[in-house]
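Trainee: Sequence:
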Amino acid sequence: MVILRHQQHFLLLKRIKPPYVGSYLPVGGKLEPFEDPRTAAIRELKEETGLEITALKYGGSLMESSPIDYNWQCNIYIADIDFIVPPPCPEGDLEWIAFADVPNVPTPPTDFTVYQYLMEEKPFAFNAVYDAEMNLVFMDEELTGIRILG
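Quick note: the sequence shown uses UniProt numbering, first residue 1, plus one each step.
Simulated from the structure, these hints should not be mistaken for lab results. Everything numeric in this text was worked out from a predicted model, so none of it was measured. Note that CB positions come from ideal geometry on N, CA and C, so glycine has one too. Some hints could be false.
Said to hold, decoys possible - Computed list of lysine-lysine pairs in DSBU-like fashion (alpha-carbon distance at most 35 angstroms, straight line):
{"id": "1", "residue 1": "Lys-17", "residue 2": "Lys-30"}
{"id": "2", "residue 1": "Lys-46", "residue 2": "Lys-14"}
{"id": "3", "residue 1": "Lys-122", "residue 2": "Lys-17"}
{"id": "4", "residue 1": "Lys-14", "residue 2": "Lys-122"}
{"id": "5", "residue 1": "Lys-122", "residue 2": "Lys-46"}
{"id": "6", "residue 1": "Lys-46", "residue 2": "Lys-30"}
As the list claims (entries may be wrong) - Simulated restraints on C-beta separations:
{"id": "7", "residue 1": "Gln-8", "residue 2": "Pro-33", "range": "21 to 29 angstroms"}
{"id": "8", "residue 1": "Glu-52", "residue 2": "Asn-135", "range": "34 to 42 angstroms"}
{"id": "9", "residue 1": "Ala-132", "residue 2": "Gln-7", "range": "36 to 44 angstroms"}
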């Protein structure tokens with residue numbers, strides 16, 4: 001997962017495919033066989049935006065688990081970029097969203113906390129647990145042992 005930032009704005013994807021149809025998320029995707037997370041992030045960034053950015057900074061990790069088929073391990077990178085006109089994307093529409101406006105647009109329940117930590121340049125290892133209806137039960141920050149949500 002790559003969060004593209006220009007000053008106080010994030011270039012986010014309004015998804016047209018499950019999960020989270022209609023929600024705003026960073027670009028990203030799954031690892032290919034024998035692919036490391038950074039290489040996957042660079043590849044997914046190119047596939048979804050056309051951008052060739054290799055200067056990614058590792059932000060942290062997000063583990064999401066549930067009793068249904070929704071279990072993800074996300075390695076989250078951030079890239080500071082110049083302002084660009086959002087390119088076309090096969091996964092949905094890319095839009096610049098101000099950090100202050102993120103709480104006002106639909107996002108997964110974990111994401112605003114991720115953006116906060118990135119803006120504060122705080123490392124993180126989040127563990128998020130959902131119920132069978134995909135409601136967030138809790139989210140802990142594993143480096144500090146603090147319950148963040150729930």
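Trainee: Hint by hint, note whether the structure agrees.
Mentor: Each hint, compared with the structure:
no.	hint	result
1	Lys-17 with Lys-30	holds (14 angstroms)
2	Lys-46 with Lys-14	holds (17 angstroms)
3	Lys-122 with Lys-17	holds (31 angstroms)
4	Lys-14 with Lys-122	holds (26 angstroms)
5	Lys-122 with Lys-46	holds (26 angstroms)
6	Lys-46 with Lys-30	holds (14 angstroms)
7	Gln-8 with Pro-33: 21 to 29 angstroms	violated (38 angstroms)
8	Glu-52 with Asn-135: 34 to 42 angstroms	holds (38 angstroms)
9	Ala-132 with Gln-7: 36 to 44 angstroms	holds (40 angstroms)
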